[in-house]
Amino acid sequence: AQSVTQLGSHVSVSEGALVLLRCNYSSSVPPYLFWYVQYPNQGLQLLLKYTSAATLVKGINGFEAEFKKSETSFHLTKPSAHMSDAAEYFCAVSVGSNTGNQFYFGTGTSLTVIP
Amino acid sequence: GAVVSQHPSWVICKSGTSVKIECRSLDFQATTMFWYRQFPKQSLMLMATSNEGSKATYEQGVEKDKFLINHASLTLSTLTVTSAHPEDSSFYICSARYSGREEQFFGPGTRLTVL
Numbered sequence: 001a002q003s004v005t006q007l008g009s010h011v012s013v014s015e016g017a018l019v020l021l022r023c024n025y026s027s028s029v030p031p032y033l034f035w036y037v038q039y040p041n042q043g044l045q046l047l048l049k050y051t052s053a054a055t056l057v058k059g060i061n062g063f064e065a066e067f068k069k070s071e072t073s074f075h076l077t078k079p080s081a082h083m084s085d086a087a088e089y090f091c092a093v094s095v096g097s098n099t100g101n102q103f104y105f106g107t108g109t110s111l112t113v114i115p
Numbered sequence: 001g002a003v004v005s006q007h008p009s010w011v012i013c014k015s016g017t018s019v020k021i022e023c024r025s026l027d028f029q030a031t032t033m034f035w036y037r038q039f040p041k042q043s044l045m046l047m048a049t050s051n052e053g054s055k056a057t058y059e060q061g062v063e064k065d066k067f068l069i070n071h072a073s074l075t076l077s078t079l080t081v082t083s084a085h086p087e088d089s090s091f092y093i094c095s096a097r098y099s100g101r102e103e104q105f106f107g108p109g110t111r112l113t114v115l
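Protein chains in written order, with this note's numbering: chain S, 1 to 115; chain P, 1 to 115.
Think of the hints as simulated: they come from the structure by calculation, not from any bench. Don't take every hint at face value.
If you anchor each label on the Cβ, the simulated ranges turn out as follows [as the list claims (entries may be wrong)]:
| id | chain 1 | residue 1 | chain 2 | residue 2 | range |
| --- | --- | --- | --- | --- | --- |
| 1 | S | Pro115 | P | Thr80 | 40 to 46 Å |
| 2 | S | Lys68 | P | Gly1 | 38 to 44 Å |
| 3 | P | Ser15 | S | Ala17 | 22 to 28 Å |
| 4 | S | Ser28 | P | Gln60 | 15 to 21 Å |
| 5 | P | Gln42 | S | Val29 | 23 to 29 Å |
Here are the computed lysine-lysine pairs in the BS3-like style, where the Cα-Cα straight-line distance is at most 30 Å [claimed, not checked]:
| id | chain 1 | residue 1 | chain 2 | residue 2 |
| --- | --- | --- | --- | --- |
| 6 | S | Lys68 | P | Lys41 |
| 7 | S | Lys58 | S | Lys68 |
| 8 | P | Lys41 | S | Lys49 |
| 9 | P | Lys41 | S | Lys58 |
| 10 | P | Lys55 | P | Lys66 |
| 11 | P | Lys41 | P | Lys64 |
| 12 | P | Lys20 | P | Lys64 |
| 13 | P | Lys20 | P | Lys55 |
Even for Gly, the Cβ is constructed at its ideal location relative to N, Cα and C.
With the hints as extra help, turn the sequences into a complete structure.
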């Protein structure tokens with residue numbers, strides 16, 4: 001069975017500080033992992049994805065995440081927070097790339113950036 | 001590329017009426033489309049998965065007679081909320097994927113308010 005745990009439903013950082021959003025997954029087979037961002041009243045936008053290639057994945061807007069199999073983690077980081085990064089972030093895991101590729105979402109982390 | 005649209009973006013209806021929400025993949029053919037429901041400050045809850053030309057697969061606890069899903073073509077899926085009640089008020093988000101890509105592409109969501 002697949003599942004995702006996001007530690008910390010709310011994270012606050014100062015503008016310019018490091019952003020670290022945590023995601024741990026559970027999967028019985030090698031997973032695909034994703035980070036999405038959601039702004040108020042909008043859909044989800046893909047930040048980055050891990051699909052069994054390089055373990056350090058770079059995404060849009062300066063975000064990156066590292067897949068650590070031993071820790072079953074896929075934490076999202078950004079060296080310097082910007083005000084525009086304030087949003088809801090979701091980690092998701094899926095298994096397989098054929099039809100029936102179902103996503104399992106974490107509960108989300110709300111990021112606040114303090115000026 | 002890989003743009004998904006939803007229409008309408010918001011809708012207000014009276015209790016007992018039916019509401020149809022459209023989800024379109026604008027620049028790709030979606031082999032699979034997904035419908036999610038999101039309550040305020042919560043994660044996405046998968047309602048159903050649909051493949052073009054097939055009956056939708058509903059998640060446990062989702063009433064198929066209440067939430068009618070039609071996936072008539074590779075670019076269009078519709079969700080009809082029948083006999084809507086105030087408890088059906090929510091943010092409905094669709095997503096789509098195509099063969100060879102692991103991620104889902106999300107629509108901007110539809111805010112349904114039932115009075």
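Hints and how they fare:
no. : hint                           : result
1   : S:Pro115 x P:Thr80: 40 to 46 Å : holds (45 Å)
2   : S:Lys68 x P:Gly1: 38 to 44 Å   : violated (31 Å)
3   : P:Ser15 x S:Ala17: 22 to 28 Å  : violated (47 Å)
4   : S:Ser28 x P:Gln60: 15 to 21 Å  : holds (20 Å)
5   : P:Gln42 x S:Val29: 23 to 29 Å  : holds (28 Å)
6   : S:Lys68 x P:Lys41              : holds (28 Å)
7   : S:Lys58 x S:Lys68              : holds (15 Å)
8   : P:Lys41 x S:Lys49              : holds (23 Å)
9   : P:Lys41 x S:Lys58              : holds (27 Å)
10  : P:Lys55 x P:Lys66              : holds (15 Å)
11  : P:Lys41 x P:Lys64              : holds (25 Å)
12  : P:Lys20 x P:Lys64              : holds (14 Å)
13  : P:Lys20 x P:Lys55              : holds (17 Å)
Hint compliance for this structure: hints 2 and 3 are not met, and every other hint is.
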